[in-house]
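Peer 1: With the hints as constraints, model all of the structure from the sequences given.
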Amino acid sequence: MPEGHVIHRAARLHERRFGGERVRAWSPQGRFSEGAARLDGQVLEGAEARGKHLFYRWSSGEILHVHLGLFGKFRVHVSDPPPPTDGTRLAWEADTGTLYLAGATIVELVDPTAKEAIEARLGPDPLVDEPGDAEGFIERLRRRSVPIGAALLDQKAIAGVGNVYRAEILFLAGVDPSTPAKEIEDPAARAIWELSVEHLRRGERAGRIVTVDPDEVGARSRKDLTRAERLYVYKRDGEPCRRCGSEVRIGESAGRSIWWCPACQG
DNA sequence: GCTGCATGATGAA
DNA sequence: TCATCCTGCAGCA
Numbered sequence: 041m042p043e044g045h046v047i048h049r050a051a052r053l054h055e056r057r058f059g060g061e062r063v064r065a066w067s068p069q070g071r072f073s074e075g076a077a078r079l080d081g082q083v084l085e086g087a088e089a090r091g092k093h094l095f096y097r098w099s100s101g102e103i104l105h106v107h108l109g110l111f112g113k114f115r116v117h118v119s120d121p122p123p124p125t126d127g128t129r130l131a132w133e134a135d136t137g138t139l140y141l142a143g144a145t146i147v148e149l150v151d152p153t154a155k156e157a158i159e160a161r162l163g164p165d166p167l168v169d170e171p172g173d174a175e176g177f178i179e180r181l182r183r184r185s186v187p188i189g190a191a192l193l194d195q196k197a198i199a200g201v202g203n204v205y206r207a208e209i210l211f212l213a214g215v216d217p218s219t220p221a222k223e224i225e226d227p228a229a230r231a232i233w234e235l236s237v238e239h240l241r242r243g244e245r246a247g248r249i250v251t252v253d254p255d256e257v258g259a260r261s262r263k264d265l266t267r268a269e270r271l272y273v274y275k276r277d278g279e280p281c282r283r284c285g286s287e288v289r290i291g292e293s294a295g296r297s298i299w300w301c302p303a304c305q306g
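Numbering (my numbering), first residue to last: 41 to 306.
Hints in this document: simulated from the structure, not taken from any laboratory.
Only pairs whose alpha carbons sit at most 20 angstroms apart, straight line, appear in this in silico EDC-like list of lysine to aspartate or glutamate:
1. Lys-196 to Glu-223
2. Lys-222 to Glu-179
3. Lys-196 to Glu-156
4. Lys-222 to Asp-194
5. Lys-196 to Glu-159
6. Lys-263 to Glu-238
7. Lys-275 to Glu-256
8. Lys-155 to Glu-102
9. Lys-113 to Glu-133
10. Lys-196 to Asp-226
11. Lys-196 to Glu-225
12. Lys-196 to Asp-173
13. Lys-113 to Glu-55
14. Lys-222 to Glu-234
15. Lys-222 to Glu-175
16. Lys-155 to Asp-194
17. Lys-275 to Glu-292
18. Lys-113 to Glu-88
19. Lys-275 to Asp-216
20. Lys-263 to Asp-253
21. Lys-113 to Glu-148
22. Lys-196 to Asp-169
Peer 2: As structure tokens, then:
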């Protein structure tokens, strides 16, 4: 379930819950036993997210790097934690709660140089959104001959967008996913960046992806939207576009399914 | 008890 | 482009 909003949210909530706390760490599954042993007894100093990468800083100077991949998941229990599942690669407990991590692609200890190398591969992160990032994003798009659908997913032009957000943002921007990235005009490119900032930020706060404007489906607020009403095009192939009624299409882009409205995204 | 699928990314070919 | 790695869960027998 993890796009950038989930990762940033985890960094924020984990730092709040465990920051300044000394943890007992172990690896129930056994595949991170050495790393967990090095974290055991350390105090968490902070957590930060960059795109879909998470970094935890420890009192020993260790940096824990986590990438959830397609199905990695954190579970945090404030009290009465159930036993960890068999797949739990890393567990830690503190006075303030217990954290389990399972299914992640990457769970490793890195040094500052390796952390910098990871960050250097990534495009600007809309949830960091520093001055100049929009321009940086546009400039990176200019250098890409791949379709915009692919450019949004590979993290080199923008970091944190995943398969749901790319479909939804391209819909909101009115851009066909197959448009070559370098051909996107400046205003549309800027709109893609700004929509990414707006929607990932909203997703980070809400803890889920809701892109639909409630007015468009006759709901009072985003919270009132049913599961089926939250998105414009993602996984809605064959259904009518919420804006124009055209049939939402499904296709492939960068090896993943993509959905779009052929009329709104001409 | 299976099977298939999922909001990801990489390395080989 | 394909195979591979990472888990859990829904949907089925």
